[in-house]
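Engineer: Protein sequences appear in the order of chains A and B.
Note that this note's numbering gives residue 193 to position 193 of the first sequence, counting from 1, and the numbers run on in steps of one.
Note that this note's numbering gives residue 231 to position 231 of the second sequence, counting from 1, and the numbers run on in steps of one.
Bear in mind the hints are in silico, worked out from the structure with no lab data behind them.
Certain hints may be false.
Copies of the same chain look alike in the list, so a pair counts if it fits in one copy or across any two.
Straight-line alpha carbon distances no greater than 25 Å define the calculated DSS-like cross-link-like pairs of lysine-lysine that follow [said to hold, decoys possible]:
no., residue 1, residue 2
1, Lys265, Lys240
2, Lys159, Lys101
3, Lys107, Lys124
4, Lys159, Lys109
5, Lys240, Lys216
6, Lys240, Lys259
7, Lys265, Lys124
8, Lys240, Lys201
9, Lys209, Lys109
10, Lys124, Lys201
11, Lys264, Lys159
Number of protein chains: 2
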Amino acid sequence: MHNKKNLNKSLIKAVITLIFTLTSLHIHAFNGGGSHDLTMATHDFANAGGNSQPITNMDDLMGRQPNPNVNVNGIGIYVYDGMFSLDALGPYQVFKTAGLKTFLIAKKKGNITMSNGLTIAVDKSISEVTQLDVLLIPGGAGGTAMQTIDTEILDWIQKIDQTSIYTTSVCTGAWILGAAGLLEGKDASTHWYRANEMLTKFGADYTGKRWTRDGKYWTSAGVTAGLDMSLALVNHLFGKEYTQAVMLDMEYDPQPPIKGGSVKKSVPIIAQLMRDMYDFFLINFVNCPLGTPGACLFN
Amino acid sequence: MHNKKNLNKSLIKAVITLIFTLTSLHIHAFNGGGSHDLTMATHDFANAGGNSQPITNMDDLMGRQPNPNVNVNGIGIYVYDGMFSLDALGPYQVFKTAGLKTFLIAKKKGNITMSNGLTIAVDKSISEVTQLDVLLIPGGAGGTAMQTIDTEILDWIQKIDQTSIYTTSVCTGAWILGAAGLLEGKDASTHWYRANEMLTKFGADYTGKRWTRDGKYWTSAGVTAGLDMSLALVNHLFGKEYTQAVMLDMEYDPQPPIKGGSVKKSVPIIAQLMRDMYDFFLINFVNCPLGTPGACLFN
């Protein structure tokens with residue numbers, strides 16, 4: 001992509017012909033500047049978001065490196081049966097658009113099926129992944145409750161967290177981080193449903209914010225909040241102008257058709273009925289003392 | 001879900017145990033009121049959005065029917081290699097959360113791979129689908145350009161459109177609707193990239209709006225605008241309170257980390273460089289006269 005103005009027209013045509021045979025035009029275009037080059041992660045939090053030089057030309061845009069570099073071990077999104085699809089696939093689109101090395105990890109290789117029936121292919125199994133720069137845990141309802149009592153998963157998360165630059169969750173993914181003991185004494189966001197009760201159980205404080213950063217832990221509110229949190233992380237890594245490029249590519253200038261999307265902005269009866277609906281399936285789990293959720297799920 | 005307060009505690013426990021063995025807790029919960037019951041589609045546009053009775057209890061929430069009924073033939077999202085993942089999977093999550101019969105359709109059964117590498121399973125092939133209540137066409141870059149010259153796909157879209165209640169697109173999906181001749185004389189939205197040039201070619205007027213409704217045709221701006229348009233369609237079908245329930249479930253109260261997401265809200269150099277980047281791959285296609293795009297793609 002460098003010095004593109006010097007390429008003559010026939011070369012451009014040849015490149016276009018080649019590119020159109022690929023299915024992944026988009027990410028190739030964005031990765032043109034070599035943002036996947038392997039360099040040492042700095043783990044330098046003080047320097048994070050230090051991409052303060054303005055972007056003035058195509059080379060600046062394409063060559064912009066994340067700081068700290070999260071492309072060494074990459075960004076791993078943990079996926080599992082019964083999760084909410086957008087919790088993972090919103091951030092996945094953001095990170096990929098930003099040219100970041102991002103993949104989907106499950107307990108076993110193969111396919112997983114989301115709560116809404118969407119079936120996706122997994123890139124790696126947890127046994128293949130021993131180190132990640134960024135770990136992201138998406139949420140769900142019953143499927144997520146099941147993860148909080150799976151000691152193999154909790155052990156893997158704890159191990160990854162020991163060397164991660166950032167450990168993050170979207171929605172009720174915070175229940176899993178909490179069950180792994182990683183939110184003790186932290187401020188955190190999560191899906192609004194019984195948020196205080198759930199986070200208190202894990203020793204965390206519910207902030208009610210769209211996303212919360214507490215040290216290396218980033219947690220977001222429900223489902224669509226993963227888009228905002230992942231863009232905030234891109235902003236932290238690359239600076240504002242590069243993030244604007246990502247947002248413009250995704251035309252992310254949201255205009256919800258009506259007021260809503262939070263308990264405060266909803267008609268009270270709607271928020272109450274939605275909580276009742278979730279209570280019907282989850283209240284036993286919510287009320288279960290920490291360390292014995294299995295008993296509450298299955299007795 | 002009806003009369004839940006009359007169920008005794010052991011029955012609730014039995015139901016919970018059963019439900020937790022399913023991977024698709026969420027959609028089952030939302031479909032409890034039988035919103036998949038088959039009744040005749042009314043095609044009564046004047047009556048659309050006529051769910052004006054307020055929701056006062058769980059039965060009202062769970063039993064709310066779309067009007068007009070789009071669950072007869074259902075909502076079909078056309079998917080193809082090289083498309084942008086969120087264009088389809090944002091609306092998919094919205095429609096499924098709203099309890100609507102929604103499936104993914106491709107040229108052939110099996111898997112398709114998005115521009116960012118995400119691989120998903122397809123529900124049906126186009127040969128299996130002869131009628132849909134709602135057709136949604138997502139966008140992309142090179143992969144989308146390829147669709148605009150695939151006469152088998154364009155023929156299928158024209159056929160589905162003849163009896164659809166709504167024909168819709170997200171992002172550059174409008175290029176495909178345009179190539180099928182369906183946007184002639186219409187107002188429309190699309191991804192900002194060369195939007196005027198592209199829509200003019202199809203005889204349509206670019207409105208620059210987040211989404212545009214012109215008769216039964218709904219079109220949205222790029223990628224994330226599909227979330228807003230699909231919620232607007234849910235609002236049109238179910239009314240505001242039910243839509244608030246869907247938005248609350250997805251906690252859709254967006255808070256982008258920085259200003260951006262449209263050409264107007266971006267630093268001028270960023271918008272220019274992003275256009276240059278797309279031009280590098282797509283300008284020949286953009287400049288190609290209608291009816292001969294194949295020549296421009298491959299010569």
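Engineer: Hint by hint, note whether the structure agrees.
Structural biologist: To see whether the hints hold, each was checked on the structure:
| no. | hint | result |
| --- | --- | --- |
| 1 | Lys265 x Lys240 | between (29 Å within a copy, 12 Å between copies) |
| 2 | Lys159 x Lys101 | within (20 Å within a copy, 41 Å between copies) |
| 3 | Lys107 x Lys124 | within (9 Å within a copy, 28 Å between copies) |
| 4 | Lys159 x Lys109 | within (19 Å within a copy, 39 Å between copies) |
| 5 | Lys240 x Lys216 | within (20 Å within a copy, 39 Å between copies) |
| 6 | Lys240 x Lys259 | between (28 Å within a copy, 9 Å between copies) |
| 7 | Lys265 x Lys124 | neither (40 Å within a copy, 38 Å between copies) |
| 8 | Lys240 x Lys201 | neither (36 Å within a copy, 35 Å between copies) |
| 9 | Lys209 x Lys109 | neither (34 Å within a copy, 42 Å between copies) |
| 10 | Lys124 x Lys201 | neither (32 Å within a copy, 44 Å between copies) |
| 11 | Lys264 x Lys159 | neither (38 Å within a copy, 45 Å between copies) |
Checked against the numbered hints given earlier, the structure breaks hints 7, 8, 9, 10, 11 and satisfies all the rest.
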